[in-house]
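> Respectively, the protein sequence lines represent chains A and B. Take 109 as the starting number for the first sequence in our numbering and just add one per residue. Take 186 as the starting number for the second sequence in our numbering and just add one per residue.
Quick caveat, the hints were computed from the structure, so don't treat them as lab data. Hints are supplied without guarantee of correctness; some may be wrong.
Unchecked claim - List time: in silico DMTMM-like cross-link candidates among lysine to aspartate or glutamate, alpha-carbon distance up to 25 angstroms:
no. : chain 1 : residue 1 : chain 2 : residue 2
1   : A       : K452      : A       : E440
2   : B       : K477      : A       : D320
3   : B       : K473      : A       : D320
4   : A       : K400      : A       : D320
These are the residues of each chain, in order.
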Amino acid sequence: MINKNLIIYLSILIFGLAAPFVFPAFKVQLSILCVLIILSITWNIQGGEMGYNSFGNILFYGLGMYLCASVQVGMFFPLAEWTESGGEKTFVHTPAQFFQGFGVGLAVAAIVPTIVAGLIGYSILGLRGHYFAICTLGLGVAAGEISGGIEIIGAGQGFTTPPFPNIGGLEARGEFFYFCSFITLVLTFLAVKSIYSTRFKLVLNAIRDNEDKAEAMGIQTMKYKIIGWMISAFFCGLAGGIMGGLVGYIDSTDVAFDGREMGVFMVLMAILGGKGTLWGPVIGATLFHIFKEGFWTFFLGWQYVALGVLIVVIVIYFPEGIMGWLREKYPERFGEVIDEADRKAQVELK
Amino acid sequence: MDLLIFQAPILMVQASMDGILLGILFALIAYGMALQWGVMNIINIAQGDLVILGGYIAYFMYLYGIHPAWGVIVSPIIMYFVGIGIYKLVINKVVDRDLFISILATFGISILFMQLMNFAFGADVVLANSGYGTTMLFDNSVVLPNSKIFAAVISIIFAIGLVVYMKKSKLGRAIRATAQNARAAKILGVDTEKVYAATFGINAALCGVAGALISITFTIHPYMGLPYTIRSFMIVIVAGLGNLPGVAISGMGLGVFEEFADYILGTEFRIGSVFLLLVLILVYRRFKLSKKREYLK
Numbered sequence: 109m110i111n112k113n114l115i116i117y118l119s120i121l122i123f124g125l126a127a128p129f130v131f132p133a134f135k136v137q138l139s140i141l142c143v144l145i146i147l148s149i150t151w152n153i154q155g156g157e158m159g160y161n162s163f164g165n166i167l168f169y170g171l172g173m174y175l176c177a178s179v180q181v182g183m184f185f186p187l188a189e190w191t192e193s194g195g196e197k198t199f200v201h202t203p204a205q206f207f208q209g210f211g212v213g214l215a216v217a218a219i220v221p222t223i224v225a226g227l228i229g230y231s232i233l234g235l236r237g238h239y240f241a242i243c244t245l246g247l248g249v250a251a252g253e254i255s256g257g258i259e260i261i262g263a264g265q266g267f268t269t270p271p272f273p274n275i276g277g278l279e280a281r282g283e284f285f286y287f288c289s290f291i292t293l294v295l296t297f298l299a300v301k302s303i304y305s306t307r308f309k310l311v312l313n314a315i316r317d318n319e320d321k322a323e324a325m326g327i328q329t330m331k332y333k334i335i336g337w338m339i340s341a342f343f344c345g346l347a348g349g350i351m352g353g354l355v356g357y358i359d360s361t362d363v364a365f366d367g368r369e370m371g372v373f374m375v376l377m378a379i380l381g382g383k384g385t386l387w388g389p390v391i392g393a394t395l396f397h398i399f400k401e402g403f404w405t406f407f408l409g410w411q412y413v414a415l416g417v418l419i420v421v422i423v424i425y426f427p428e429g430i431m432g433w434l435r436e437k438y439p440e441r442f443g444e445v446i447d448e449a450d451r452k453a454q455v456e457l458k
Numbered sequence: 186m187d188l189l190i191f192q193a194p195i196l197m198v199q200a201s202m203d204g205i206l207l208g209i210l211f212a213l214i215a216y217g218m219a220l221q222w223g224v225m226n227i228i229n230i231a232q233g234d235l236v237i238l239g240g241y242i243a244y245f246m247y248l249y250g251i252h253p254a255w256g257v258i259v260s261p262i263i264m265y266f267v268g269i270g271i272y273k274l275v276i277n278k279v280v281d282r283d284l285f286i287s288i289l290a291t292f293g294i295s296i297l298f299m300q301l302m303n304f305a306f307g308a309d310v311v312l313a314n315s316g317y318g319t320t321m322l323f324d325n326s327v328v329l330p331n332s333k334i335f336a337a338v339i340s341i342i343f344a345i346g347l348v349v350y351m352k353k354s355k356l357g358r359a360i361r362a363t364a365q366n367a368r369a370a371k372i373l374g375v376d377t378e379k380v381y382a383a384t385f386g387i388n389a390a391l392c393g394v395a396g397a398l399i400s401i402t403f404t405i406h407p408y409m410g411l412p413y414t415i416r417s418f419m420i421v422i423v424a425g426l427g428n429l430p431g432v433a434i435s436g437m438g439l440g441v442f443e444e445f446a447d448y449i450l451g452t453e454f455r456i457g458s459v460f461l462l463l464v465l466i467l468v469y470r471r472f473k474l475s476k477k478r479e480y481l482k
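Using the sequences provided together with the hints, build the complete structure.
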């Protein structure tokens, strides 16, 4: 059993490492896929395991994006002049400066959102159910609207991130960002997997199933909720930082705090794959991305119409997602021991 | 900047008047939201998009040479059937489910409507010119467009009409009974399925009225729906479900707040401040309730 799992993980790892060389045309798409998977895995910590359906994780993603780019520029050049002049024309990063700035920027992009999540967590996570959902939706949109009015990060005209230095040929940029996002994805997956094997996950599930009872059992639910949110914020910030560099241009409501798109995508991907499972968000994000790109290419212009229909159909007809469906179909694979006679009786009852 | 408010009383009166007239419109939309929330236990994210769609109906009447004020009558009739259609296709499948499911499903509808409107009507900001002129108050220092006053009066008429309808008519009583206890209403012979459909239709019709008025007084744009949803949600949670005077007052309060935010912070922060206010209100109520060891649910 262990061997089988190991083979699966190794083959995925090898595929991931070889992918940019096997499919060089799809490097950017693969990097975006990695970012999407990170977002849906981290959303699943809230929505799936903890039962807090958040539309607000986009806040950390956008925050990370702006922070990473601002630090990368601000370390070497005056930020205000950069955003005013459209950046890359007046100031040029040397390769060393670029990578140094990007590294420090990513660190800041991971740490600051985590702190923000810790600070606002106590107030926001006291809300429950749909109040939490709407409140976080408001938070995400408010962040977008407000950052669209701040001059130093480009306001309405956007923020151009530093261009990739001219080394290693044309392919280098795509490979660099692909490996950044892939390594982050692997780290995220390993971190979340190891978290899910501890008591922490059980606490989160207890909060989801019945928060009052969990509290009565002596669990400090608020503490665990905040920690859960901080873990999400950490990886969301990282993903945002990488995505900012990859896209090359940050706009407050269309790229960074894109609550209508990315904010809903991460919920949708996790639900499509099956929330409350480790692999569900990964499968959901992959399928969703393939579907989305296919649609974007073939039905240009109608993609959002299709997206709206897709959301409605998934939510109404597949609320359990793919993993939930598989679990119903093959419960043995999920480690559930089922008495065959009992199962037959239940099927007949249905 | 806040000195400006106290040194310029005229500006303050202007902002308050604008805000109150605007708030009455918000209250009308919020009334529809409170209705469906109370009866069907659904939060409709597509509320604002229904408003905008209603606005486009009035705008098209204007384009074809009919005075847009007639939209106040035509738009709710069309929107009623649109609402019934949405109910039959989507909403009736999410009524008894988790609230989050309804939020996500209506989010999907919202995106769908937004894009369809974008295709059908283009991405331009439009308004239907009613040609009503303006009213000057206090020695010509405060300017009120007549269209805003018209909008407020029509909203009040529709709101009062609906309240009377809810109290007196058979359907109104059935709706109120279903809101109190759907199961008991069913046992006593109320066709709850029909009541739900009618409720959603009435809500859509209210949105249609509000939309037509908005297209006359302000501007409409396919992507402007979500702020209206958030505003009506905010008004409902401040007032509480089934508290109609509360909805009216908090609607006006929100209108005044917005106008002041617009003057003090600048127009680019207007929508942002609305969303931020929502977060602040929810957090305030959360702390107030947590003193009693309760929570918002």
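> Is K452 (chain A) close enough to E440 (chain A), meaning Cα to Cα at most 25 angstroms?
14 angstroms, holds
> Straight-line Cα separation of K473 (chain B) and D320 (chain A) no greater than 25 angstroms?
18 angstroms, holds
> Verify the proposed pairing of K400 (chain A) with D320 (chain A), using a straight-line Cα cut of 25 angstroms.
40 angstroms, violated
> Is the Cα-Cα distance between K477 (chain B) and D320 (chain A) 25 angstroms or less?
14 angstroms, holds
Checked against the numbered hints listed earlier, the structure breaks hint 4 alone; every other hint is satisfied.
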